[in-house]
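Novice: In order, the protein sequences belong to chains A and B.
The first sequence begins at 1 in the working numbering and counts up one residue at a time.
The second sequence begins at 1001 in the working numbering and counts up one residue at a time.
Rather than coming from a laboratory, the hints here were simulated on the basis of the structure.
Owing to the predicted nature of the structure, the values given are computational and were not obtained by experimental measurement.
Glycine included, C-beta positions come from ideal geometry on N, C-alpha and C.
Among the clues, some could well be false.
[Stated by the list, open to error] Listed next, the in silico DSBU-like pairs over lysine-lysine satisfying Cα-Cα at most 35 Å (straight line):
| id | chain 1 | residue 1 | chain 2 | residue 2 |
| --- | --- | --- | --- | --- |
| 1 | B | K1380 | B | K1364 |
| 2 | B | K1361 | B | K1265 |
| 3 | A | K70 | B | K1380 |
| 4 | B | K1361 | B | K1380 |
| 5 | A | K59 | B | K1380 |
| 6 | B | K1364 | B | K1265 |
[As the list claims (entries may be wrong)] Derived coverage of chain B by chain A (criterion: at least 3 residues anywhere in the stretch with Cβ under 8 Å from a Cβ of chain A; other residues may be distant):
| id | segment |
| --- | --- |
| 7 | 1228-1235 |
| 8 | 1397-1410 |
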Amino acid sequence: MLVCVLNLQSKVALPSSMAPKSPVYFNFVAKALLICAFLVHASVSFGAFPTLLSTSDHKVSEGYIGLSWKQLPEVTAVQLQVGFDADLEQVIRSPVLTGQQQVHLSGFADGVYFARLVDGSGDVLSNTVSFEVEHRPLRAASLLFAIGAALFCFLVITLFRFARTDS
Amino acid sequence: MFAAQISTQTAIIILVLFGLAWVGFGWWLGRRNRTVDDFMLAGRNVGLALASATAMATWVTSNTTLVAPQLTYQFGIWGMVGYSMAALGLILFAPMAKRIKSLMPQGYTCGDFIRVRYGRGAWYVFLVVSFFYAMGWLISLGMAGGILLHSLSGLDYQIGMTVILVICVGYTLLGGLKAVIATDFIQTLIILCGVLFIGYVCWRDVGLEAIYESVSQEQPELLNLLFPAAIMFLFNNIFFGIGEIFHSNVWWSRAFAFREGIGKKAYLISGLLWLPIPIVTGFIALAAPALGLYPPSPDMVGPLVAAKLLGSVGAVFVFIVVFSALASSLDSLLAATSDLLTEDVYRGIIRPGASNEHLFKVGKWVILCLGLLTWVLCLKRVTTLGELLNFAGAFVASTIWPIVFGLYRPRLGGLYAGLAMVLGTLCGLVAYVQIGFYVAALTSCLVSLVVCLIGLAIHNEQFNWERLQRMEK
């Protein structure tokens, strides 16, 4: 990016107040360098984790979710921390996973959850991801259950009557 | 690699030994097959013990050994109970098997019934539904073979899937339905003893209390009897199981192959024997967190828990049990789908005048081609087993009512039977996409019933049952 800015500077005609060696010119270059340094630093910080953790979905209604990451060459076992806050101060699940690059977790109640990978000594290995669990309304589920039960009873009674007539 | 796995070398040795044994046995049983009846229907003379064993072993499949633990891991108690209710399909099919044999003593396939009973329009729809389901099941079995080998031995998924397909195609090709039924009998014994032993070890080594505590702490929703998705799943799974059995040629071909008066008893016994198996295989999935196991994919939870419980030597045992379960279904499905394609598509559409000797040869080619097609479709593992199977639920559940009314009521006509299958399937697929896989079969069955009831109310066809006896073309 820095090269880009410098090249741009050399090709674009600058106003006279920004001619080379003028104080304004130095000011401009200094600001550009500062911005570049910030951007480079920010990108390094973003990609500072050894691996990238990702979720199969951001919102689920069945209480189960898949999490995946790239294999870490020198780490055999990782710990997946799952909790209710982004800083994961209160961890509710912390399975230790050996030789895996993905995991399927189930049985979550409603709520927003955060997850990240750490190593044996607690050093963070991945970014923190979040996912929301919102189960389907119980009323709708009960309605489907009732329809299913009625349909099943109807089928059994029908077959029973037919079989009796047949015999 | 996970703990308590067997080495790749051991897995290959077991596969080679079992492969040779099954293929050799298939060849030995099939050496006296002379007619298409021998090859497709084992001479129509199967007794009660073999009949019950083959029905049970065929229904114990990747569904039971891999998907039942998966659904328990995802849906908890209801997943386990709901899965075991698939036994109702076998139990409810029992009186129908008797009716089928008496209506069509010379029948070959379920397609024969639909063609004569409802005419060609409904028959084409039925063939599409049936073939789609058969391919879905075949793919799920092929995938399950690959997953099993990968999770227990670390062997590449594609290699494992290929080996299992080659073995099953090999002995089905050589022995026909006789080989399928005889191997099923041995496989049933292995499956029953194996599943019960693994369940016992889980109860002894982990204990109910530890399982309950770990699940209630880590996966609380699995113990919730008001878990919404699980409640929705329960009856869906029941209708899916019923649809699978009522429409599939796997079960119809057995009804034709069993000796007179055997079908009803055999299906009742097999249903009752099958009922507890998903409870046991599902139960061991609940032990996963207590054992510190968190599967990469939900369909791997069953074999992983069993291998962890039994250790490296026990993993060999698990491998043999699950392999037997897969083989017993894969061979049955290959044979039954081949019958359907040979009898309905080849003789029914492509070459109506084909002789029985010619069909005997065609049947073998069809098995080979089906195996090849399944292999190609399994190469890329596109979805989980549970999702793949439940996608097929929308198709099969639409056939329940046309078959029930078609077998017992002369009034329902072909137009409404065909419409019931088409509209039921479409609505089931919409529900699958819009709501979830756990409502597809229920929706499909409901819509199909409504169409059939309308058909019965406004149409007054009087079907002559003797047309089925004569097997009219």
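Novice: If a hint holds in the structure, say so; if it does not, say that too.
Specialist: Outcome of the hint check:
A threshold of 35 Å between alpha carbons decides the hint, and for B/K1380 with B/K1364 the separation of about 26 Å falls inside it, so the pair holds. For the hint linking B/K1361 to B/K1265, the alpha-carbon distance of about 33 Å falls within 35 Å, and the restraint holds. Annotation: proposed proximity of A/K70 to B/K1380 holds, straight-line Cα distance about 20 Å (limit 35 Å). About 31 Å separates the Cα atoms of B/K1361 and B/K1380, which keeps this hinted pair within 35 Å; it holds.
Restraint check: the Cα-Cα separation between A/K59 and B/K1380 comes to about 27 Å, which is no more than 35 Å; the hinted pair holds. In summary, the hint linking B/K1364 to B/K1265 is supported, as the alpha carbons are separated by about 31 Å, within the 35 Å threshold. Residues of the segment 1228-1235 of chain B lying with their CB closer than 8 Å to a CB of chain A number 6, which satisfies the three-residue condition for coverage. Given as covered by chain A, the segment 1397-1410 of chain B passes the check, having 5 residues with a CB less than 8 Å from a CB of that chain where 3 are the minimum.
Of the hints listed earlier, there is not a single one the structure fails to meet.
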